[in-house]
Amino acid sequence: MRPFIFTKPATADQALIKKTNQAQFIAGGTNLLDLMKKHIALPEELLDVTNALPAAITANTKGIRIDAMVRNSAIASQAEVLSQFPLLAKAVLAGASPQIRNMASTAGNLLQRTRCPYFYDTTVPCNKRIPGTGCSAMDGDNRMSAIVGYSNQCVAVHPSDMCIALAALEANVLVTGRDKKQHSIPFKDFHRLPGTTPQLDNNLPANAVITAVEIPGNRFQKNFAYVKVRDRDSYAFALISVAAALHMEAGVISEARLASGGVAHKPWRWYKAEQFLKGKKPSAENFRQAASIAVGETKPLANNKFKTVMLQGAIETALQNCLTA
Amino acid sequence: MERKQSFSRRFFLKTTSFAGALALIPPKAKALYTELKQRLIPTKEIMPLTVTINKKAYEVKADSRTTLLDLLRENLHLTGTKKGCDHGQCGACTVHIDGQRVLSCLTLAVMTTGKNVTTIEGLADGDKLHPMQQAFIECDGFQCGYCTPGQIMSAVACVNEGHTRSVAEIKEFMSGNLCRCGAYNGIVESIQKVAI
Ligand SMILES: Cc1cc2nc3c(=O)[nH]c(=O)nc-3n(C[C@H](O)[C@H](O)[C@H](O)COP(=O)(O)OP(=O)(O)OC[C@H]3O[C@@H](n4cnc5c(N)ncnc54)[C@H](O)[C@@H]3O)c2cc1C
Ligand code: SF4
Ligand code: FES
Ligand code: FES
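Heads up: the protein sequence lines correspond to chains A and B, in order.
Once you know that position 282 of the first sequence is 282 in my numbering, the rest is easy, because the numbers rise by one and skip nothing.
Start counting at 1 in the second sequence, then tack on 1000, and there's your number in my numbering.
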């Protein structure tokens, strides 16, 4: 690790004043410290925001607000989350391990970096780590890589589980810039596709702080599912994950949400499949067709063709599980 | 176990290997290295910190980069907590901070100021083992024992959290602790035994 100055601002304002490109926030530290040990992140100063930022979950008539410093384990056991946003709790519990969930913050989870093995290996080229050096995954072992939305500069996938549920539930990310102006960024616009700037994971303005995530109220308390397919049963990142939520009226689907992890550089929504399901009966055949529509959007790489088959099955299973949740 | 010799094996290995390595470097190269290092690497930031570990308050000075794991093992010689991967992937370094299980390898020591840390050394009550330690012995919850301090710290938390309603639940909530010897069945049994 490179030496750094450590400070602990007492308030969000103080944290923002000190924030520069060389001074980084640290919350749970589960991603940042790992990257610092590997000399991938090289901050000159760390600003510990564990006291500066709020850590409450507040429900109101419009929905729920989860503050930046709420730990992942707290989300998964909070009564209002469990009753009104059970899909979120499910996705959070599918991620990492109990120890890491006790440490990981809401904001940190949104900003965690890709697990592309070449991004982690500082001896090989990687456009995300050092722009312009090339992408080792493109023609390398891209078994874990993207099947949709990638560019010829980066084929990495977004690693979070929590974010897949937040994408499906159309959350908003509340951020405060250095000018103290507050913005609300719709979740679909928060993370980026790689395009020609794979070094950028998201659209958080430079040196801004995330203060909370808000989820609008919804009707997905009954029919929801989170399916995560991975190399081992637990404590592994997703090969494919699917967050599904349905609302049924008079025996037909009136609203459907489908999002996936492990497929793209950002949490990916399957809008066409959602559209297809609207007004349809919740039948195995309709679920199969919806999954096929999603798979139709994908274009796998040399080593990850298996992901399309896996995606088909994962979407069908998730939709099926929605009926028995 | 009573320790007869005044130097531990750990101390002997550390000092002799260090002296041995130093003797091999020619003095000129050493000077060049020190100069280069000063130029390339920013100076270390040494910080005072106060942590309570196993109910005892410690005031130490440590490099800002020190993880809680390294503070425990290298600075305070509490070597019960183990370093497996140092990257959050194995759970060997699990300790409790304010009663919650966390990974000490991904925790900065300075960030534990004012908090209560419990390590494996803090579980037993004098010579009386913690029920979970006793259960691990009775149920063969380990083989080589390297992952064991982390497993036990995690197991104690798992019971406190109430995640013991089924074998499947125990396995899921113990998945953050890997055991290369594969003592998993004994570990699950130990937890069931204490959870009743
Ligand atoms: C072995 C392992 C397995 C894992 N498995 C999974 C998994 O299966 N699924 C999953 O979803 N995740 C998994 N994770 C990732 C884990 O969830 C993230 O590391 C965690 O959520 C990051 O949160 P943090 O608070 O520790 O972030 P930190 O490491 O503290 O910070 C991460 C980034 O966010 C920035 N940041 C933090 N707070 C703010 C803020 N308020 N405003 C602006 N910037 C901020 C930091 O500057 C840093 O750049 C795993 C991690 C490990 C180590
Ligand atoms: S896929 Fe992206 S992160 Fe992985 S090597 Fe290529 S550029 Fe780097
Ligand atoms: S040493 Fe901390 S998780 Fe492996
Ligand atoms: S007992 Fe050997 S690693 Fe678990």
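Note that these hints are calculated values from the structure, not bench results.
Note that CB positions come from ideal geometry on N, CA and C, so glycine has one too.
Careful: at least some of the hints might be erroneous.
Simulated restraints on C-beta separations [said to hold, decoys possible]:
1. Gln199(A) / Glu1074(B): 27 to 37 Å
2. Leu1032(B) / Lys38(A): 23 to 33 Å
3. Lys1061(B) / Gln14(A): 18 to 28 Å
4. Ser292(A) / Asn1054(B): 33 to 43 Å
5. Glu80(A) / Tyr1184(B): 47 to 57 Å
Think about it this way: if two alpha-carbon atoms lie no more than 35 Å apart in a straight line, the pair counts; the simulated DSBU-like pairs of lysine-lysine are [as the list claims (entries may be wrong)]:
6. Lys1044(B) / Lys1055(B)
7. Lys62(A) / Lys37(A)
8. Lys18(A) / Lys1061(B)
9. Lys18(A) / Lys1171(B)
Which residues of chain B face chain A? A partial, calculated answer using Cβ under 10 Å [said to hold, decoys possible]:
10. Ala1029
11. Ala1031
12. Leu1032
13. Thr1050
14. Thr1052
15. Tyr1058
16. Val1060
17. Asp1063
18. Ser1064
19. Val1110
20. Glu1161
21. Thr1164
22. Glu1172
23. Phe1173
24. Met1174
Hints, one by one, checked against the model:
Range check, glutamine 199(A) to glutamate 1074(B): about 35 Å between beta-carbon atoms, so the 27 to 37 Å window is met. For the pair leucine 1032(B) and lysine 38(A), the beta carbons lie near 27 Å from each other, so the given range of 23 to 33 Å is met. The beta-carbon spacing between lysine 1061(B) and glutamine 14(A), approximately 25 Å, falls within the hinted interval of 18 to 28 Å. In this structure the hint that serine 292(A) and asparagine 1054(B) lie 33 to 43 Å apart at CB is violated, the actual value being about 58 Å.
The hint said 47 to 57 Å for the Cβ distance between glutamate 80(A) and tyrosine 1184(B), and at roughly 35 Å that hint is violated. Restraint check for lysine 1044(B) and lysine 1055(B): satisfied, since their Cα atoms lie roughly 30 Å apart, inside the 35 Å limit. With a CA separation close to 42 Å, the supplied pair lysine 62(A) and lysine 37(A) exceeds the 35 Å bound. For the proposed pair lysine 18(A) and lysine 1061(B), the alpha carbon gap of about 24 Å is at most 35 Å, so the pair holds.
Our distance criterion of 35 Å between C-alpha atoms is broken by lysine 18(A) and lysine 1171(B), whose separation comes to about 43 Å. Against a cut-off of 10 Å between C-beta atoms, the interface hint on alanine 1029(B) is violated, since the closest Cβ of chain A lies about 23 Å away. With its C-beta approaching chain A no nearer than about 21 Å, alanine 1031(B) sits outside the 10 Å limit, and its interface hint is violated. Restraint check, leucine 1032(B) versus chain A: the minimum CB separation of about 21 Å is more than 10 Å; hint violated.
With its C-beta approaching chain A no nearer than about 14 Å, threonine 1050(B) sits outside the 10 Å limit, and its interface hint is violated. With its C-beta approaching chain A no nearer than about 17 Å, threonine 1052(B) sits outside the 10 Å limit, and its interface hint is violated. At its closest, the beta carbon of tyrosine 1058(B) sits 18 Å from a beta carbon of chain A; the interface hint therefore is violated under the 10 Å criterion. Among the interface hints, the one on valine 1060(B) is violated; its C-beta lies about 15 Å from the nearest C-beta in chain A, farther than the 10 Å criterion.
Here the hint on aspartate 1063(B) is kept, as its CB sits about 7 Å from the closest CB of chain A, short of 10 Å. Given hint, serine 1064(B) at the interface with chain A, holds; its Cβ is 4 Å from that chain's nearest Cβ, closer than 10 Å. The closest approach between the C-beta of valine 1110(B) and any C-beta of chain A is roughly 5 Å, which is under the 10 Å cut-off, so the hint is satisfied. For glutamate 1161(B), the interface hint holds, the least distance from its beta-carbon to any beta-carbon of chain A being 8 Å, beneath 10 Å.
Interface hint at threonine 1164(B): violated, since its Cβ lies 12 Å from the closest Cβ of chain A, which is beyond the 10 Å cut-off. With a cut of 10 Å, the hint placing glutamate 1172(B) at the interface with chain A holds, because the nearest CB-to-CB distance is about 6 Å. For the restraint placing phenylalanine 1173(B) at the interface with chain A, the shortest Cβ-Cβ distance is roughly 5 Å, inside the 10 Å limit, so the hint holds. Hint status for methionine 1174(B): holds, given a least beta-carbon distance of 8 Å to chain A, under 10 Å.
This entry does not satisfy hints 4, 5, 7, 9, 10, 11, 12, 13, 14, 15, 16 and 21, going by the numbered hints stated previously.
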